[in-house]
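Engineer: Residues per chain, in single letters:
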Amino acid sequence: MNDILTRSLVSSRTFKPETLTALLVLLGAVLMMLAMKVLNPGFGSVQQIAAILTTSIFLVVAAYGQGLVILLGGIDLSIGVVMSIAGMMIAGLTNGSNEALTWALPVTLISCTAIGLLNGLGVAFLKIPPFIMTLANGTAFFGVALGITAGSSQRTVAPALQVLMSAQIGGIPVPIVLIGWFLVAGSVLQSRTTEGRKIYAIGSSLAAARVAGLPIEALTIAAYGVSGLCAAIAGLLLAGYSSSATLDMGDPFLMPTIAAVVIGGACVTGGRGLYFGTFAGAIFLSALSTIITVLSLSQGWRNIIQGGIIIIALILQTKQWYLLSIVNRQLPGKQSLDGVLPQNSEV
Amino acid sequence: MSQSTRGQRRPIPSSAFAALLYGIMFAIYLLYSPSAITLAGITDLLNNTIVLAIAAAGLTLVILTAELDLSSVGVIAVTNVIVATVSTKVPGGAFITLILVCLIGLLVGLINGWLVAFLGLQSLAATLGTMIACQGVALLILEAPGGEVAAFIMNRLTDTVFGFMPVAGLILLLAVAGWLLFRRTRLGIAIYAVGTDALAARLSGLNVKATKWLAFGLAGMAYGLAGYMLGAQTGTGDPRISNSFLLYVFAAVAIGGTPLGGGRGGVIGSVVGAGILTVMQKLLFAVGVAEFYTNIFNGVIMIVAILFGNLSAILSLRQKAIMSQHRDGQLVPN
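Protein chains in written order, with my numbering: chain H, 1 to 347; chain E, 348 to 681.
The set of hints was computed from the structure by calculation and includes no laboratory data. A portion of the hints provided could be inaccurate.
Derived coverage of chain H by chain E (criterion: at least 3 residues anywhere in the stretch with Cβ under 8 Å from a Cβ of chain E; other residues may be distant) [what the hints assert, rightly or not]:
hint: 1; segment: 115-129
hint: 2; segment: 132-142
hint: 3; segment: 257-268
hint: 4; segment: 296-306
Residues of chain E placed beyond 10 Å of chain H at every Cβ, according to the derived structure [as the list claims (entries may be wrong)]:
hint: 5; residue: LYS436
hint: 6; residue: ILE446
hint: 7; residue: VAL508
hint: 8; residue: THR532
hint: 9; residue: TYR539
Computed spacing ranges between beta-carbons, pair by pair [what the hints assert, rightly or not]:
hint: 10; chain 1: H; residue 1: LYS319; chain 2: E; residue 2: ALA491; range: 31 to 41 Å
hint: 11; chain 1: E; residue 1: ARG587; chain 2: H; residue 2: SER296; range: 16 to 26 Å
hint: 12; chain 1: H; residue 1: ILE312; chain 2: E; residue 2: THR532; range: 34 to 44 Å
hint: 13; chain 1: E; residue 1: LEU550; chain 2: H; residue 2: MET32; range: 37 to 47 Å
hint: 14; chain 1: H; residue 1: ILE49; chain 2: E; residue 2: PHE499; range: 52 to 62 Å
hint: 15; chain 1: H; residue 1: LEU297; chain 2: E; residue 2: THR532; range: 38 to 48 Å
hint: 16; chain 1: H; residue 1: PHE125; chain 2: E; residue 2: SER382; range: 36 to 46 Å
hint: 17; chain 1: E; residue 1: ALA557; chain 2: H; residue 2: ILE315; range: 16 to 26 Å
hint: 18; chain 1: H; residue 1: VAL174; chain 2: E; residue 2: ALA491; range: 36 to 46 Å
hint: 19; chain 1: H; residue 1: GLY308; chain 2: E; residue 2: PRO492; range: 23 to 33 Å
hint: 20; chain 1: H; residue 1: GLU195; chain 2: E; residue 2: VAL647; range: 27 to 37 Å
Ideal Cβ placement from N, Cα and C applies to all residues, glycine included.
Throw the hints in and build the complete structure from the sequences for me.
Structural biologist: So this is what it looks like as structure tokens:
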């Protein structure tokens with residue numbers, strides 16, 4: 001089963017439906033910005049585009065972990081809390097000095113990865129539903145952070161992190177370069193390594209993965225660990241960007257990480273999705289929130305537009321499956337092996 | 348598959364374990380706060396439980412069909428501000444607003460159901476969209492917390508009737524009785540069947556799409572009622588209900604023994620789950636623990652409650668667990 005799965009996936013050189021989804025989502029982001037440019041000629045300067053990309057890095061990074069966990073059929077609701085904790089830790093530990101960064105950075109990243117690993121342990125061994133495990137774990141560690149910091153904000157992020165978020169290499173802001181690296185590294189890890197492939201297999205069919213003897217527990221724990229690590233990196237960057245850290249600064253990113261993964265064409269029940277799609281979803285949401293801010297509407301209208309566009313994006317995404325099926329001259333749902341195998345085995 | 352398990356031995360419902368846990372927690376709470384057993388104490392506790400309980404009951408219907416629904420906080424925000432703006436302005440406001448919130452909830456629920464069942468969108472994402480949009484609508488109706496709820500709603504719905512029955516308790520009893528009847532109806536059975544195995548349900552002639560659509564609609568109506576009751580509790584409208592409430596609604600359902608995979612569990616468990624979460628807050632407050640410990644306890648107790656519920660899965664037939672795991676891997680939306 002595993003052998004067939006891996007071989008077919010590797011040998012399939014046809015255009016993947018998920019790639020098309022991702023490209024359409026990116027196209028949607030561009031169209032949105034063009035429409036904005038027509039409405040408001042002052043919009044769309046190079047700086048503004050760069051700012052959209054720079055601020056998208058938090059979502060791009062945090063959503064990678066979410067995507068990996070969702071690919072397994074789980075969900076991570078601790079991402080917001082972990083982001084905040086990472087930001088608070090790096091600010092509190094470095095206390096404004098770059099020298100402290102050399103040990104504070106690994107300590108922060110390891111601590112936050114440990115929170116993620118704990119999620120994975122609960123899900124893999126105690127069989128606690130991911131929804132509850134990650135929520136409860138996040139709530140508990142929020143309590144720990146609240147106890148240590150007494151809820152006060154930390155204003156002393158190491159200058160090096162702040163410089164990182166505002167520096168440029170050859171005219172390109174460093175965060176945009178980092179996004180590029182992260183996109184490549186993340187995609188390779190998820191889609192081109194055996195471990196990544198195994199995660200796809202587990203998400204497609206847990207029963208089949210068990211029969212094939214895949215290390216389900218180990219990979220589950222690892223995926224949640226990676227999610228914690230990604231949330232930590234996103235939190236560090238967010239602290240560097242805003243040059244201070246608060247205990248609730250990660251919260252607004254939790255729901256968007258899920259939205260980015262799903263808009264990018266992944267299946268919430270697991271087994272289907274590309275990091276490129278999640279990336280496109282994150283860029284789309286960042287562009288959307290920037291545009292909505294520029295529109296200077298009341299918060300109520302902003303929410304209505306944001307909610308409406310998310311739904312429209314999802315509807316368009318289901319329509320493109322028909323488009324692709326015409327292109328491939330196949331029945332809907334047959335192009336993707338991931339979608340077909342478990343259904344066939346069920347019948 | 349449910350027939351074969353039913354034929355052999357009836358497993359202990361997981362709501363029984365939730366009820367046991369509730370009993371234990373309530374007993375500990377009593378030690379710290381003896382007045383909790385008085386009528387006033389029980390009324391107070393039920394008043395604090397009811398919003399979460401009704402919302403969790405609604406969500407249960409959707410989760411039983413193996414879908415997810417995040418729109419509860421959106422609907423509660425809208426209906427809460429409706430109660431705070433409309434109920435004092437029109438004659439018979441309490442009744443008219445009640446009809447209004449039910450219709451609004453039903454409408455949002457049916458939109459959700461239409462997006463999920465007929466357009467084939469992923470429920471988590473689609474309802475995230477309607478949740479955000481609803482929060483926007485709530486902000487348009489009432490920009491900041493405020494407004495006024497009719498005195499009738501505020502006083503009568505939080506009080507007692509017949510001298511011994513808290514109104515909140517009566518509503519919960521009615522909800523549970525309604526559920527027990529609903530479970531036996533065609534739609535009630537269909538909801539379980541669709542959640543257990545959508546393909547098998549379709550092959551045996553059930554209308555899977557219509558079932559999901561109606562489940563979302565009924566859930567929306569429940570959220571509307573929850574918003575109405577929130578107005579009764581607080582006396583004002585607040586367009587910004589926190590997202591942590593949403594997580595508690597899901598936690599109440601999960602603790603009550605309804606797994607997110609669908610097909611198992613029920614409304615009674617969710618109501619008890621909401622009770623557990625509420626008693627937990629009360630207990631931690633009564634013991635006087637600092638806020639940060641409260642969060643840690645919240646997290647730990649949630650996990651313990653789930654482990655407690657898992658115990659029932661171990662005690663009940665093993666087969667059932669294997670079947671459900673098998674099914675979890677098979678959930679591929681059409």
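Engineer: Decide, hint by hint, whether the structure agrees.
Structural biologist: We went through each hint and held it up to the structure:
| no. | hint | in the structure |
| --- | --- | --- |
| 1 | 115-129 | holds (count 5) |
| 2 | 132-142 | holds (count 10) |
| 3 | 257-268 | holds (count 6) |
| 4 | 296-306 | holds (count 9) |
| 5 | LYS436 | holds, 20 Å |
| 6 | ILE446 | holds, 24 Å |
| 7 | VAL508 | holds, 36 Å |
| 8 | THR532 | holds, 28 Å |
| 9 | TYR539 | holds, 19 Å |
| 10 | H/LYS319 / E/ALA491: 31 to 41 Å | holds, 40 Å |
| 11 | E/ARG587 / H/SER296: 16 to 26 Å | holds, 20 Å |
| 12 | H/ILE312 / E/THR532: 34 to 44 Å | holds, 35 Å |
| 13 | E/LEU550 / H/MET32: 37 to 47 Å | holds, 43 Å |
| 14 | H/ILE49 / E/PHE499: 52 to 62 Å | holds, 56 Å |
| 15 | H/LEU297 / E/THR532: 38 to 48 Å | holds, 45 Å |
| 16 | H/PHE125 / E/SER382: 36 to 46 Å | holds, 42 Å |
| 17 | E/ALA557 / H/ILE315: 16 to 26 Å | holds, 20 Å |
| 18 | H/VAL174 / E/ALA491: 36 to 46 Å | holds, 40 Å |
| 19 | H/GLY308 / E/PRO492: 23 to 33 Å | holds, 25 Å |
| 20 | H/GLU195 / E/VAL647: 27 to 37 Å | holds, 32 Å |
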